[in-house]
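Colleague: Read off the chains here:
There are 2 protein chains.
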Amino acid sequence: MVNEQGTHHADLTSFASSLTKSETLSQLVETYLALSTDQPNWVCNLSNASSLLWHAYHSLNIPVNWAGFYVIDPKSPTDQLILGPFQGKVACQTIRFNRGVCGAAAETKLTQLVPNVEEFPGHIACDGETKSEIVVPILDKNGVLRGVLDIDCLALEGFDETDKEELELLAKSIGETCEW
Amino acid sequence: MVNEQGTHHADLTSFASSLTKSETLSQLVETYLALSTDQPNWVCNLSNASSLLWHAYHSLNIPVNWAGFYVIDPKSPTDQLILGPFQGKVACQTIRFNRGVCGAAAETKLTQLVPNVEEFPGHIACDGETKSEIVVPILDKNGVLRGVLDIDCLALEGFDETDKEELELLAKSIGETCEW
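Protein chains in written order, with this note's numbering: chain F, 135 to 314; chain E, 135 to 314.
Treat the hints as calculated values from the structure; they're not laboratory data.
One or more of the hints may lead you astray.
For identical chains, the list gives no copy identity; a pair is met inside one copy or between any two copies.
[Said to hold, decoys possible] List of simulated lysine-lysine pairs, DSS-like, C-alpha gap at most 27 angstroms:
| id | residue 1 | residue 2 |
| --- | --- | --- |
| 1 | Lys-275 | Lys-265 |
| 2 | Lys-155 | Lys-209 |
| 3 | Lys-243 | Lys-306 |
| 4 | Lys-209 | Lys-275 |
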C-alpha cells in the first residue's frame with residue numbers, strides 16, 4: 135500500500151549500505167515500532183519482523199541463512215517451542231526447552247550468543263550449513279516467556295555484543311507491542 | 135533436526151533444476167503434506183509453506199518477489215485479511231475484502247490469476263516492483279474461508295494455468311491439514 139510519503143511497504147526493507155551494524159539494527163527497531171503502532175497481531179508483526187531482520191543482515195553482508203521466531207507451543211506450553219514466521223529454508227517444527235540453543239534461551243530466559251554451534255551441547259541442526267547463531271528470549275509486558283528470536287549464520291562468529299544489544303531491544307519491543 | 139535418512143529440514147527446500155514447473159510444484163505439495171502430518175498448527179505450517187514456495191519458484195528461475203499468506207483478521211473476520219507468514223520484503227498488514235487482488239480472492243473464493251497487476255481494478259501495491267500475481271483462496275474442511283495464498287512476480291505473466299492447478303492443490307492441502 136502506498137503511504138502518505140508515496141512509498142510502499144516493501145521500501146521499509148531498504149537499509150543503506152553505508153550504515154554501521156549498530157545504525158542498521160537501530161533503524162530496524164524503529165521500523166518495527168512504526169509498523170506495530172496500532173497493530174498488535176503477533177503473527178502479522180513477527181512476519182514483518184522476520185523480513186526486516188533478513189534484509190537488514192543481508193544489507194550488512196552478514197551471511198544470515200535463517201531469521202525468525204519460535205513461539206510457545208499452545209499444545210505443550212510448559213516445555214515446547216513451535217515454529218513461527220521466518221525467512222530462510224524450511225525449519226524444525228518443534229523444539230523442547232531442554233534441546234539446543236533455542237531451548238536454552240527459553241529455559242534460562244537469557245540470550246544465547248553462540249560463535250560455533252558445533253561446540254554447543256545438544257545443538258539441533260535444522261540446517262547442516264549453520265555455523266553460528268544468536269537466540270534472544272521474548273517476554274511480554276508481565277515477564278512471561280512468549281517465544282524466541284533466532285538468527286543463524288553461515289560463518290563462524292556471525293554475531294557479537296552489538297547484535298545482542300540491538301536484538302534484545304527488538305525482542306523487548308516485540309514482547310511489549312504484541313497481543314499473545 | 136536430522137531425520138532417519140540423515141538429512142536436515144533445510145534440505146526439503148532443495149528442488150532439482152532439471153524438473154519441470156509441474157514436477158517442482160508437485161514435489162512442493164508432497165513435501166508440505168509430509169511436514170504437516172501430525173502437525174496441525176497453522177502458523178507453523180504456513181511458515182514452512184512460504185519457504186517451500188519461495189525456494190521452489192527460485193529453483194524455476196521465476197522472479198518471485200513475495201510468497202506467503204494473508205489470513206482472516208480475528209479482529210474483523212467478516213471483511214478483512216491480516217498478514218500471515220511470508221518470504222520477501224515487508225508487506226501491507228491488513229487488506230479489506232473489497233480491495234485489490236487478495237480481497238477479490240477472499241470475496242469470490244476464486245483464484246485470481248493476474249498477468250498484469252496494473253490492469254487489475256483497485257490493485258494494492260505493497261511493492262511497486264510487482265508486475266504479476268496469483269492469489270488462491272484457502273478453505274477449511276467445512277468450506278469456510280481461512281485466508282489466501284499470495285505470490286507476486288517481478289515479471290509480467292509470471293503465472294499460468296499450471297501454477298493455478300498446483301497452487302489450488304496446495305491451498306486445499308493447507309486448508310484441510312491445519313487447525314484454524
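Colleague: Any of the earlier hints contradicted here, and which numbers?
Modeller: Going through the list in order, the structure violates hints 1 and 2 and respects the others.
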